[in-house]
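S.K.: Spelled out from the first residue to the last, the chains are:
Number of protein chains: 2
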Amino acid sequence: MKKKFDIVIIGGGPAGIVTSITAKKYYPDKNILIIKREKKSVIPCGIPYMISSLKSPDENELSFKKIEDMGINVIVDEVEKIDKKGKEIKTKNGDYYSYEKLILATGAVPIKPSIKGIEKDGIFLIKKDMEYLKNMVERIRKSKKIIVIGGGFIGVEIADEISRLGDKEVYIVEMLQEILPNSFDREFSSLAEEKLKNQKVEIITGVKVEEFIGNEKVEKVRLSNGKVIDTEVVILGIGAKPNCELAKDAGLEITKKGYIWVDEYMRTSEPDIFAVGDCALKRDFFTRKEIPVMLASIATAEGRIAGANLYQLKVIRENKGTVGIYSTYVGGLVLGCAGLTEKNARKEKFEIIVGNFEGVDKHPAKLPDANKIKVKLIFSKHSGIILGGQVAGGNSCGELINTIGISIQKRVSFCELETLQFATHPYLTPAPTMYSLVLAAQDAAGKFVKERFS
Amino acid sequence: MKKKFDIVIIGGGPAGIVTSITAKKYYPDKNILIIKREKKSVIPCGIPYMISSLKSPDENELSFKKIEDMGINVIVDEVEKIDKKGKEIKTKNGDYYSYEKLILATGAVPIKPSIKGIEKDGIFLIKKDMEYLKNMVERIRKSKKIIVIGGGFIGVEIADEISRLGDKEVYIVEMLQEILPNSFDREFSSLAEEKLKNQKVEIITGVKVEEFIGNEKVEKVRLSNGKVIDTEVVILGIGAKPNCELAKDAGLEITKKGYIWVDEYMRTSEPDIFAVGDCALKRDFFTRKEIPVMLASIATAEGRIAGANLYQLKVIRENKGTVGIYSTYVGGLVLGCAGLTEKNARKEKFEIIVGNFEGVDKHPAKLPDANKIKVKLIFSKHSGIILGGQVAGGNSCGELINTIGISIQKRVSFCELETLQFATHPYLTPAPTMYSLVLAAQDAAGKFVKERFS
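Here the protein sequences come in this chain order: D and F.
In case it helps, our numbering puts the first sequence at residues 1 to 454.
In case it helps, our numbering puts the second sequence at residues 1001 to 1454.
Each hint should be verified, as a subset may be incorrect.
To be clear about the criterion: a stretch of chain F counts as covered by chain D if any three or more of its residues have a C-beta under 8 angstroms from a C-beta of chain D, and this derived list gives those stretches [said to hold, decoys possible]:
1. 1248-1259
2. 1330-1344
List of simulated lysine-lysine pairs, BS3-like, C-alpha gap at most 30 angstroms [to be verified]:
3. Lys1055/F / Lys381/D
4. Lys1374/F / Lys55/D
5. Lys1112/F / Lys1134/F
6. Lys1227/F / Lys410/D
7. Lys195/D / Lys374/D
8. Lys1168/F / Lys1256/F
9. Lys134/D / Lys1410/F
10. Lys374/D / Lys1450/F
11. Lys1112/F / Lys66/D
12. Lys1112/F / Lys374/D
13. Lys1112/F / Lys25/D
Just so you know, these hints were derived from the structure itself, not from any lab.
Positions of the beta carbon are idealized from the N, C-alpha and C atoms, including for glycine.
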């Protein structure tokens, strides 16, 4: 079968979806097709919550109903080949689709390390496929002993969820010296560690996995420190690599680190092909270096840029480079980070001044459900511009980190932050005299004054 | 007694406190004195929560311990006269204090309308005095029938708190056609109204109070629609006027609306006298018109500007004009507003485009405790710059409105907002494909495209 579409999007994750919605808005007369691989997709960030928080894993299904209602075509199939000269693609089902504009939203594939015994039954990767994940959740629920490998966001959230099921022995095994090592300075990651330990999650850092032991099923894991741990299920959350095979085969430019090269408007080296999301090159906001950030929030921002600019760059938009802005939730504690951590800033040779705040997220502090809140802001010493921030506290931190995120993207200085106007409310924020971002900026300002005059 | 200080601050509210702390940071060698009137002060925004949320009204005390620990002197007295030539003030106790820099943080006094019977027992104003408010709370707790006059923030929060005590008959009487009329468009204020009605608060709008009836104690209130309501306690929350008597007597420039005139750095017409907080002139961020905004968050921002610039404008800072940014909490619903509402924007003759979003503050929406969330953003039609925003939803809206607030202060456009990067998390925000501010901006962008090409 041969069929003609104006806009063809390969991939049904957040990047592909948002590109399609945005394109529909800006180019309502164009005929749009999404080709996705999984029969039933999942909301990627919701995967950990399929274990315990949601009543059923099915509640995490990513529905395409609204998208189809908008007049966007969605099919389940797999693209095998892109003919960029003929502007046509061929699928596994043997169908051909021609396009005016092609968008690669092919995402990433979980890293499967070459560890002895990796093929044993009971070892799961974080695949964005409903059937696969339902099986994983069922196995977790039935088991007593579970090992999570990787102490990044996904590993931490999964361990947190498993521990909420009760009566489980959960381990996190992290190769580096601490959990959440890329996103937080130690004084923040240690708060997450404390929460997990209180929930009886055993955290083992600075150690690699050397072997999975067992007959058909995984029964034990041997670590580089010689320890052997019994287990029934292993979850591998050690990251993902960009899924660029199709692009490579089609002769598109691929970066050294294996991403599809894109310009500021998400255009690949081929004028009518765009790439968005985890498969596309990310440039760091501060240094323009290539960085491996895979976040649905970034992917959707890229989808909006691509979708609006498919035919003309008529609305000037700009991908200012990627700022990692994340939040996570561990045992009721919310942690958020945006931009550079102190250690990453120093590693990049930024001269910095740090401002800290510790307080309470309600005022007076005796109001019910008040949480401790902790904020750290990193400023460039010479220019005063904000480079990064970290927050820890109650649920309000989920949006607080976005205020820091926008401050970074708008290059706000500590002077501005110190005198900016904020809303405060007894039930919702620290006191107006003690507003978190202002006080952290003021702390930095104090150090700035001291250094200048000493 | 005569005593010499470098910096004298009249007023112990948020503006005075923050000025003192900031001055101490920037000019650590200066000798600072705060003169406050009330023996025991209260946290102003916490006043409604003394009624029910806090175990005891005393928990809302504004403590000066930390300030005294910083080496700032605090006395309870009342200033009677400023001798601006001699740079000296005289107090009620008969003491004289000389100063290099004087800061007027004299706040506002609640408006007491000249309604017949206003002096009767049981009628309370919102005075920032612990003893007075404790008496008010006690009377409320003992009574069955309470009328709150004024449907602004304070009235709404007080009515909400009273209704939580249970077994009370509570009324709100508002002169205008709706509650929260200055800060919200109707589709938002109606959400607050609904919550209050569910809690059995009776809301009467478009009606004035004509008489308070009773012997010594207030027993009935007669309204302009002829209705007479029984009551035991009346709370008047109809606003406040700047407390400028001292400044006027000293010959400082007073504005038409009765505020102390200040420049961008909070300096009055007298070089060594500053004014901050509710008593000082506010200029609207968008029009530079004089506006009557009295918020602790604004007062503290002004205190920071003044405190840093008392002796030199050595660090360039700028009061960009006042953006009203508020949040409130009614029956578990959080409402926030920043900048212009649609009706105020139209009244000022701004040509605007409105972007709306409705969704859920968690993803998937079936996660426990998910709340509906509603966002409205107002953009300038020609320039695309954001002018205002309103939010309604769960607790995360308390910080979400600050992201809008910073966007207004940094003059972000809908194009920027549509492609800015945000953190999203299942437990903390809408989905990355559905992030509230982005979707509202995108809704506006769609209308923008439509208008341009039609």
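S.K.: Is Lys1168/F within 30 angstroms of Lys1256/F, Cα to Cα?
M.R.: violated, 42 angstroms
S.K.: Hint check: Lys134/D vs Lys1410/F, CA-CA at most 30 angstroms. Holds or violated?
M.R.: violated, 45 angstroms
S.K.: Apply the coverage criterion to the stretch 1330-1344 of chain F and chain D: a residue qualifies when its Cβ sits closer than 8 angstroms to a Cβ of the chain, and three qualifying residues are needed.
M.R.: holds (count 3)
S.K.: Check whether the Cα positions of Lys195/D and Lys374/D lie no farther apart than 30 angstroms.
M.R.: holds, 15 angstroms
S.K.: Given the proposed pairing of Lys1112/F with Lys66/D, does the C-alpha separation stay at or below 30 angstroms?
M.R.: The hint is violated at about 55 angstroms.
S.K.: Can you confirm whether the C-alpha distance between Lys1374/F and Lys55/D stays at or below 30 angstroms?
M.R.: holds, 26 angstroms
S.K.: Is the Cα-Cα distance between Lys1227/F and Lys410/D 30 angstroms or less?
M.R.: violated, 55 angstroms
S.K.: Just to make sure I understand the rule, a stretch counts as covered if three or more of its residues have a C-beta closer than 8 angstroms to a C-beta of the chain. Does the stretch 1248-1259 of chain F meet that for chain D?
M.R.: violated (count 0)
S.K.: Given the hinted pair Lys1055/F and Lys381/D, is their Cα-Cα distance within 30 angstroms?
M.R.: Cα-Cα ~45 angstroms, so violated.
S.K.: Decide if the proposed pair is consistent with the structure: Lys1112/F and Lys1134/F, CA atoms, cutoff 30 angstroms inclusive.
M.R.: Answer holds: Lys1112/F to Lys1134/F is near 20 angstroms, not above 30 angstroms.
S.K.: For the pair supplied as a hint, Lys1112/F and Lys25/D, confirm whether the alpha-carbon distance does not exceed 30 angstroms.
M.R.: Violated. Lys1112/F to Lys25/D sits at ~54 angstroms, over the 30 angstroms cutoff.
S.K.: Tell me if the straight-line CA distance from Lys374/D to Lys1450/F falls inside 30 angstroms.
M.R.: Violated - the C-alpha atoms of Lys1450/F and Lys374/D are around 45 angstroms apart, more than 30 angstroms.
Hint violations for this structure: numbers 1, 3, 6, 8, 9, 10, 11, 12 and 13, all remaining hints satisfied.
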